[in-house]
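Residue numbers (the working numbering), protein chains in the order written: chain A, 1 to 422; chain B, 423 to 506.
FYI, nobody ran anything at the bench for these hints, they're computed from the structure.
Any given hint could be a false lead.
Calculated Cβ distances over 12 Å to all of chain A for the following chain B residues [stated by the list, open to error]:
{"id": "1", "residue": "V428"}
{"id": "2", "residue": "R430"}
{"id": "3", "residue": "Q434"}
{"id": "4", "residue": "R435"}
{"id": "5", "residue": "A447"}
{"id": "6", "residue": "T456"}
{"id": "7", "residue": "Q463"}
{"id": "8", "residue": "E476"}
{"id": "9", "residue": "G497"}
For the chain B half of the interface with chain A, some residues (derived, Cβ under 10 Å), not all of them [claimed, not checked]:
{"id": "10", "residue": "A446"}
{"id": "11", "residue": "L449"}
{"id": "12", "residue": "S455"}
{"id": "13", "residue": "V460"}
{"id": "14", "residue": "P464"}
{"id": "15", "residue": "P467"}
{"id": "16", "residue": "C474"}
{"id": "17", "residue": "T480"}
{"id": "18", "residue": "R487"}
{"id": "19", "residue": "C490"}
{"id": "20", "residue": "G504"}
{"id": "21", "residue": "N505"}
What the simulated footprint calls covered on chain A by chain B, stretch by stretch (three residues with Cβ under 8 Å from a Cβ of chain B suffice, anywhere in the stretch; the number is not a length) [claimed, not checked]:
{"id": "22", "region": "132 to 140"}
{"id": "23", "region": "149 to 159"}
Quick caveat: nothing in here was measured; it's all calculated off a predicted structure.
We put the beta carbon where it would ideally sit given N, CA and C, even for glycine.
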Amino acid sequence: MEMYDVLIVGAGPAGMAAAVRASQSGVRVGVVDDNPDLGGQIWRNEKLKPKSDESKIWFERIRSAEFDFIAGTRIVGQASENSLLGERDGEPIELGYHHLILATGARELFLPFPGWTLPNVMGAGGLQALVKSGLPIEGKTVVVAGSGPLLVAVAAFLKSRGAHVALIAEQAPLWRLGSFGLAVARDAVKRRQALALRAETKGIPYRTGTWPVEALGHEHLESIRLTNGRSTWQVVCDYLACGFGLVPNSELAGFLGSGIQTCDDSDPHPTKPVQARVVSVGESIGIGGLACALVEGEIAGLLASGQVDKARELIPKRTKDREFATVLAHSFALRDELKKLATPDTIVCRCEDVKYSALVNYSNFTSAKLQTRCGMGPCQAKVCGAATTFLFGWTDVSLRPPLGPVSLATLAKVQQPHPKVG
Amino acid sequence: MADRLVIRIDNQRVEVAAGTSVAAAILALGQRSTRRSVSGQPRGPLCGMGICYECRVTIDGLPHRLACQALSREGMEIITNGNV
Ligand SMILES: Cc1cc2nc3c(=O)[nH]c(=O)nc-3n(C[C@H](O)[C@H](O)[C@H](O)COP(=O)(O)OP(=O)(O)OC[C@H]3O[C@@H](n4cnc5c(N)ncnc54)[C@H](O)[C@@H]3O)c2cc1C
Ligand code: FES
Chain A
1 MEMYDVLIVG
11 AGPAGMAAAV
21 RASQSGVRVG
31 VVDDNPDLGG
41 QIWRNEKLKP
51 KSDESKIWFE
61 RIRSAEFDFI
71 AGTRIVGQAS
81 ENSLLGERDG
91 EPIELGYHHL
101 ILATGARELF
111 LPFPGWTLPN
121 VMGAGGLQAL
131 VKSGLPIEGK
141 TVVVAGSGPL
151 LVAVAAFLKS
161 RGAHVALIAE
171 QAPLWRLGSF
181 GLAVARDAVK
191 RRQALALRAE
201 TKGIPYRTGT
211 WPVEALGHEH
221 LESIRLTNGR
231 STWQVVCDYL
241 ACGFGLVPNS
251 ELAGFLGSGI
261 QTCDDSDPHP
271 TKPVQARVVS
281 VGESIGIGGL
291 ACALVEGEIA
301 GLLASGQVDK
311 ARELIPKRTK
321 DREFATVLAH
331 SFALRDELKK
341 LATPDTIVCR
351 CEDVKYSALV
361 NYSNFTSAKL
371 QTRCGMGPCQ
381 AKVCGAATTF
391 LFGWTDVSLR
401 PPLGPVSLAT
411 LAKVQQPHPK
421 VG
Chain B
423 MADRLVIRID
433 NQRVEVAAGT
443 SVAAAILALG
453 QRSTRRSVSG
463 QPRGPLCGMG
473 ICYECRVTID
483 GLPHRLACQA
493 LSREGMEIIT
503 NGNV
């Protein structure tokens, strides 16, 4: 088993920043990610061709940092008290650590509506990821829908690759976006990014208070019906890129024990970094955007390698960048109409094909799961869990290790968390 | 590494650029589904990032591989939709 002074799960901006800072002190650093390369969601496939100033700077820094990159490896749980269990190509891998940083990022929130299971209905970040990994999109018509700043970033990216983006449908009403606009305008970096995005999406209609109601097609998507609450219309398209915001990947942190963050958030203006053996940073503790992910990664990397004073200096910046999370949550809060999109026949759990009508009469996730198999498939409720939390208010969606289906060889090595006392 | 490589998707010879994921290669063929659901519906990639498991295919004889997380490799044999 390899042993690391600092082991980092996730090679997105937060994990990269942690690796850069920790390795500066000369300790042994390992970074593990289930993707083939560094970059996480936003900087996927940018190592050779960075698309922004930030990614250029951080890829330069990471190039001169010394660490092991354990690629294509998914962490599925703990192997022992001081080691994590991963899997690569069906083979178990054990990675030991003194300090652990969880920078597992977020996934998209998918909500069920009629036709959402048709091929070519994808996440917004989902379609972007596929195009970044080689899907040609030139000349294809795409409708981008759902909620959040990601929609605009995705539309800009798809347009730059030659797609015809018919429109961006943002479910939030215009009046709600005011505080978001203000927060962006006040921050020099965010303002610059927003202006660039506006230029890049020139000509693409941005419709607020607009959401998808039905995807139509036979074996695959052919068109999408949208509404603004007053009228409904249909748009013919090749792809629907649709995500309703992001959900933190907090499952691993849950296995290891809760309440693990870089800073003491019980204090409204935290001044003290928390020096724990295991910390969580970036989108995995709440959706706060790129700047927040980077500074939290830096703080965690510094702390884990004993550079406490340098970490302390970054706390005020981190406090400010975390505040953006509150603004995002408020501006892009999901409207109640989205709870009414699914019809009795709409599939909610895509792994087990469980319909809305089979779930609606349960009062919690646990009993629905036992009776209907909802959430029992290979995605382990990572899609339907967040959806049913939104639709039905179920709060008891929980997971047990391993994270995701694993081979028998890996399964034999998974340690179950100790039952919590009290 | 060669710029282009050859893989086989459902016994069809396909040339792709190095760095292309298996999911992207399947969709680029004009084929939109990767698997059939438990009730027989066609499904294709949803999340593109290893979360949803909709992109499961058989790669070199190993079933249930995630096409969105797998990079194409020279000579790879991919089977979609439970085809044989
Ligand atoms: C699909 C998607 C697309 C996005 N696109 C954009 C965009 O275009 N522009 C923008 O401004 N923001 C985008 N964002 C938001 C952006 O991700 C954040 O603002 C920020 O960059 C997050 O950084 P992070 O390091 O916290 O997480 P991420 O960048 O998400 O990195 C987390 C990494 O951890 C890996 N990981 C997670 N769990 C495990 C595990 N168990 N084992 C191994 N590896 C694991 C993930 O595969 C990922 O590589 C996107 C988010 C998502 C979910
Ligand atoms: S597309 Fe979701 S796991 Fe591959």
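(Q) Under 10 Å is the threshold here; is the Cβ of V460/B close enough to any Cβ of chain A for the hint to stand? (A) holds (5 Å)
(Q) Under 10 Å is the threshold here; is the Cβ of C490/B close enough to any Cβ of chain A for the hint to stand? (A) holds (7 Å)
Q. Is the shortest C-beta separation between P467/B and chain A less than 10 Å?
A. holds (6 Å)
Q | Q434/B remote from chain A - nearest C-beta pair above 12 Å | A | Given a closest Cβ separation of 17 Å, the condition holds.
**Q.** Claimed clearance of chain A by Q463/B, with the beta carbon kept past 12 Å
**A.** Since the minimum Cβ distance to chain A is about 6 Å, Q463/B lies within 12 Å and the statement is violated.
Q. Holds or violated: is the Cβ of R430/B farther than 12 Å from all Cβ atoms of chain A?
A. Label holds. Min Cβ-Cβ 17 Å, cutoff 12 Å.
Q: So, A446/B near chain A? Judge it on the closest CB pair being under 10 Å.
A: It holds, given that the least Cβ distance between A446/B and chain A is near 4 Å, below 10 Å.
(Q) Min Cβ distance, C474/B to chain A: is it shorter than 10 Å? (A) With Cβ-Cβ at 5 Å, under 10 Å, it holds.
Q: Report holds or violated for the interface hint on T480/B, using the least CB-CB distance to chain A and a cut-off of 10 Å.
A: With Cβ-Cβ at 13 Å, over 10 Å, it is violated.
**Q.** L449/B as chain A interface residue, shortest Cβ-Cβ below 10 Å
**A.** Check passed: Cβ of L449/B comes within 5 Å of chain A, closer than 10 Å.
Q: Report holds or violated for chain B covering the region 132 to 140 of chain A, Cβ cut-off 8 Å, minimum 3 residues.
A: holds (count 4)
Q: Using Cβ atoms only, decide whether R487/B comes closer than 10 Å to chain A, and label the hint accordingly.
A: Since chain A brings a Cβ to about 9 Å from R487/B, closer than 10 Å, the hint holds.
In terms of the numbered hints stated before, the structure departs from hints 5, 6, 7, 8, 17, 20, 21, 23, listed from lowest to highest.
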